[in-house]
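Residue numbers (the numbering used here), protein chains in the order written: chain A, 1 to 318; chain B, 1001 to 1323; chain C, 2001 to 2484; chain D, 3001 to 3321.
Treat the hints with care, since some could be wrong.
[To be verified] Calculated pairs, SDA-like style, for lysine to any residue (alpha carbon to alpha carbon, straight line, at most 20 Å):
no. : chain 1 : residue 1 : chain 2 : residue 2
1   : A       : 117       : C       : 2300
2   : C       : 2356      : C       : 2366
3   : A       : 140       : D       : 3293
4   : C       : 2138      : D       : 3141
5   : D       : 3199      : C       : 2298
6   : A       : 115       : D       : 3165
7   : C       : 2254      : C       : 2426
8   : B       : 1233      : D       : 3184
9   : B       : 1049      : D       : 3141
10  : C       : 2344      : A       : 181
11  : B       : 1265      : B       : 1244
12  : C       : 2298      : A       : 206
13  : D       : 3199      : C       : 2145
14  : C       : 2292      : C       : 2235
15  : B       : 1101      : A       : 33
16  : B       : 1154      : B       : 1126
17  : B       : 1199      : D       : 3042
18  : B       : 1289      : B       : 1042
19  : C       : 2100      : C       : 2046
20  : D       : 3314      : C       : 2117
21  : B       : 1154      : B       : 1213
22  : B       : 1199      : D       : 3156
23  : C       : 2138      : C       : 2042
24  : A       : 182       : C       : 2047
25  : C       : 2085      : D       : 3184
26  : D       : 3199      : C       : 2046
27  : C       : 2204      : C       : 2189
28  : A       : 115       : C       : 2280
29  : D       : 3082      : B       : 1213
30  : C       : 2405      : C       : 2020
31  : B       : 1233      : D       : 3017
I should point out that these hints are in silico values taken from the structure, not numbers from a laboratory. Keep in mind it's a predicted model, so treat the numbers as computed, not measured.
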Amino acid sequence: MTKSPNIILYLCLVYYLAAALVTPGFFTVNNTWNLLYNLMPLLIVAVGQMLVILTAGIDLSVTAIIAVTSVVGGYIMSADYSPVDSSSLAIALGILGMVITGGIIGLINGISVAKLKMPAFMVTLTGLMFFGGFAVWLTKSQNIYNLPAGLVDMPYTSFLGLPLPIWTGLLVLGLIYLVLNKSLLGEWIYAVGVNPKTSRISGVNVDLTIIMVYMLSGVTAAIGSVLYTARLETGSPVMGQNLLLDVIGAVVIGGTSLFGGKGLLQWTVAGAFFMAMLDNSLNLAGLSYFLIMIVKGVIILSAAMLNVWGERKVIWSA
Amino acid sequence: MLFRYYWSLLVIVGCLTAGCAAKEEGTVIGISFETLQTEYWVASIEAMKSVCEENGVGYLEAVANGDANRQFEQVNNFISRGVDGIVIAPKDAHTVIPIIKAANRAGIPIAIYNRLPAENEGDYITVVADNYEISRNTVEYMAEVARESGKKHKAMILIGDLGDINAVNRRRGFDDALAAHKDLIEVVAEVPTEWNQEKALAGVTNALQVNPDIDFIFSSSDFLFPSVVSALKNADKYHPIGHPDHVILGGFDGDAMAYRMLREKYLDADGVQDVFFECQESVLAVIRKMREEQVPDLIVDPGFVIHQQNLEQKAESMWGASF
Amino acid sequence: MAVNGGQVLALVGENGAGKSTLMNVLGGIHQPSSGEMHLNNEPYAPQNAEDAYNSGVAFIHQELNLFPNLSISENLFINSFPTTKRAGLTLIDRSSTNQKARELLTRVDLKVAPDTRVEDLSTAQQQLVEIAKAMAGKPRIIIFDEPTTALSRHESQALFQLIGDLRSQGIAMIYISHNLGDIMQLADNIAVLRDGTLVSAGPKDQYSMNRLIRDMVGRDLDSYFPARSKKASDQAVWEVRKLKSDRVTNISFKVNECEILGFYGLVGAGRSEMVRAILGLDPVLSGTVRWKDSTYHKFSPAQWIKNGVVYLAEDRREEGLLTGKSIQKNIQLASFPRYLNPLKLVKYAPLDQESKVYADITKINYQNLNRQQVQTLSGGNQQKVVLSRLLMTHPGMLILDEPTKGIDIGARQEIYGLINKLVDQGASAIIISSEIEELLGMCDRIIVMGQGQIYREFSKQEFDKNTILEAALGSGISNMDRGD
Amino acid sequence: MSNPVIFKRLRGQSIVILLALVILVFSLLSPGYFTTQNFLNILLQASGLTIVATGMTFVLLTAGIDLSVGSIMFVAGVISGKLVVGGLSVWLAVPVTLVLGIILGLMNGWFVVRFKIVPFIVTLATFFAGRGLGLLISETRAVNLPDEFLQIGSARILGIPLPVIIMIMVVAVAQLVLDRTVFGRQVYAVGNSQERSVKAGINLNRVLLRVYIICGCCAALGGLVAIAQLGAVSPTFGFQSEFMAIAAAVLGGTSLFGGKGRVFPGTLVGALLIQSIQSGLVIVNADPYLYPLITGTIIFLIVLVDSQRHYRRKQMKGIST
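Construct all of the structure, not just a fragment, from the sequences and the given hints.
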């Protein structure tokens, strides 16, 4: 795999310096923590999304998965509804419940795309509507409160110097790095992304690969939701509703090709960092959120243009 | 070509941030609003800004468009910007708790405007209207009007977002007010709107469809009046007071449209929150807290009910009149 | 080469003899490197398909260029609708479109309403629509490319009837086909191509069936086939019994150890369909395959690779390569499952080492295995990359579909050498090829197929180029008397 | 080999049967449903959605997608609302809105055609940029519209509300364009196979560009018709309209794989079906939160059938050598 350092790495560096000079309050220790807290959940979800895009698919339902898992976790963990009394057990069960729910929704998406041959964007768009509605229906659009202290303090408890969300992020990154670069599934993901026919003839289980990436996307969305839920101390049926742009933006601007098969993990990490930094710096500069929305929309369009332009360059040289 | 393209993009974004960053230093208050969707919120944020200017205090504003998560990030940004005080109109009573904790941790005084936070041991000031009392008095007045007409009435209420503590209190006020008039007024429809005008229009239209003889409508917020009026016009039941099939109308907030409907004698009564009083109190509370002066934890705005009889003298303290 | 108005020139030649390249030049898709062309004694040099069509050269490709979801008249005039002005809008003039369509349909005597949808027509009717579409451009020459492959006997006769009418209307026609029977019945003149050059041309009556075949295949054996040391044993290791899919019926054959079995047949004989069914790439209706000592009812490529059966697909770009990926990744693609540690992580060190070994075995000339992308290699080298991928799985049975198609002579020799070496080491192979010499040189037995069935089997002694070709053309010659 | 034409005709009308079934069920459940007033209500409330879905059908016919119709409705609505509040006459605001829709549609089309970017990424980006632009102009405040605007919404000609008439005209013109103009037939050809269209000499880029322009224009007009009933443009106006528009078209028989589908009766009936279900649920006082679940399931099933049919047809046409 050609390891050419992607343009996004330079962009992040230069933008970080520019923002540090220009935006007041950006280059402070407090704000850097702030930036990392905002980055971690986004990064975890974006990495899952990258796996899907690598197989030339797309998962628009991630924000609905975040909402449903946040609600499921809320019901298991909150003192008002929790079937279990001891809070540490409730937290463990809650997180497990969230991950399993994410996996199940991912499985449904995967089977529809792989076995039922349905177009990925339509399956996940319908999933976005259905599971988004499901979360609101479960809670009648009420938030779930009184989450156990263990979870609520999680963002602020540190372990060996690093707060838990950062550890979670690093753990997920490590796992996905192993899957993508060192495991059989990783090789199969890249192969299926480039040419499913060749892969199938060479013994790759194409359907299984596609189902696995959608499940992993579901699970990473669930883990992201754990962090969001803990930070906001509520199980919310509309959690993460405005995240879709950042998640897909992170992957596309990272340089991962929309036609599948091309993209490295560190590209998406840089892409997620860029989106989080953009949000943070423009926010600090006092830009209203809808101005930021416009800027992000423009950046995704230009990144997609370069994405396609890069693709075409490869084809010409063949 | 590739690099040049990215470079030009970077320059635009860079100067965008530079442009807005030149805010003057001195004491700065962060104003965080959940949404500006209704005239009430717009009037509130305008009032707060003018109070800040009067007291020679700078301000930063942030709107979260209904996303509690973004509001949390925006307040965190205020804190890292080193604001001296925070006034916040929170999304709901519970998601404000982690925000209060963040402010307390940074030692920044915080005032909660309009929505009473749920039980928590943070250090904060709350300025809120008594939604229950105001809506109960409003509906009480509407019931008297109904009693004078002597006819039996069928009532409908438009309920706000059930996640919003104010909406729940206003509904309780409506129910308790009508409890005393069970013989005269029967509640036949409760339309959930989630503060969404499209849902309100569909809900009211179909409710009128199912029981066309509804003649007593209370809306939990004047912001939903455009939908109510449109639905009534479609069912051609929108008539001024005095007209035989006039529908007794009541609202809450006291915005410009309510004021116009009062003037044109379509609206019977409207519960008004005294926006100027509440905004004044919340900003001053934060300023006093900054100077370590003593400030009560809870400031309640009694508000008042404006109706056809007291229209003249109450008009000037109704924020909708001058908006 | 010349053809005059009102005459049919039949163009004959083996696969890869250059027929389609010639037609692409005529159609403006390829530019000739030298020489010129004249149409009605004016110079004719089309830059693209549009130029050719406008100057009156019409094509009837095998892959019809129609829109099944539109009606016949809409297909005929998709880009040239007669229109009328109605309330400010330029609408299609339905009546005159149908009227014009009806005229064209009568010329090709397709008695169907012009507004029926093309997807409701049979293949033959669709072909007539394609011809009618060509007629709409008032062509001077119509070129037919293998028109009767998907037609029944009766439908072919109707086509010949039409060609007869077109001839009487003074239109020149070039008719490309493998079916020598049709050619003898239809053509005024015949031209034979071999290895990209015109071997002979002349009026039909100068040609007999034998001379035709001899001209088609008469080249000397320039490519040398390396001899094999081991003799094929008579113990069958591979047996297909009564295989049936929607394209092929009751296929049964055996392959012995250290034996190479060849499959020959015309375009559309169903050889690739048979192999794709065996591999599980296309659905199988019935049939079993015995490999060594176990019998399989359900087939999948992954299961075959695990048991040492590998497949080299015919279309290298579509089904052979991972373009944009390195040579190394392409070679390793089929072997990842065998280099896993218990945690399902890939043991890259041994894998990279062995992929280098196999890259050298097949003599790929590459600069850097790891960083060089596979599409930067020549056709021959790309085929070797795919072969390395297959060999790395230590196969016992090689199924090769057109292994040397479009590959230079040098690389072919190396590939033949590789296959023989493997078979000498105890493997067996099935080779599908359209070049008789290749099969004669490499195989111990040849099976001729046609229209989805097995026609005839030739043992080594019975090998004779003309009889094999005749058997393959069987559908052409024998069916002249055999009514369909 | 092709199934008899009658069976195909019936399958085409299955959507109308489904609509009749829904109306029957809800009429039994509540007397208030089966009244002309209610049907007029359904038509009125469905008019906005139908116009947007008509534009969406054009895009879907070319196997494309447009996720930004919701934002186009919002931006066009906000800008024309501000203009009217600022004094521009209502009858001038209508053309301004349409022009805005056309410009936004042109932008979508330009990126899809010129840069060959995947349509759903282009329209996802314009979805957010458009929503942001609308919020910027309206400063996230609801734009209350003067009464003349409501006139359009509640005006009646011969007893039929104006929005319904506009809807009928748009559907009629759209079907006329698709059936009877060169461009219309070429849309079907492009949808069937872009490669073959180029070979047949069709100007592929022009067809695709026009299709996105029509979709943007319909989105703006549909938004206008909806606003005329609402009387105000709230910051969440047009939210999820793109899903509803796709749902209406797909329900109406438009295939996501291009080349198949009709505005009349297809998309129109699809939109009416969605609106009937919605009104039915509200009248029988069913839990409104159930609504996205029901629509989501119906759409998933219809897309499943469409995909299986497309996959089987592709399987049959395999290459033979």
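- Quick one: which hint numbers does this structure break? Sort them smallest to largest. 4, 5, 6, 8, 16, 18, 19, 22, 24, 29 and 31
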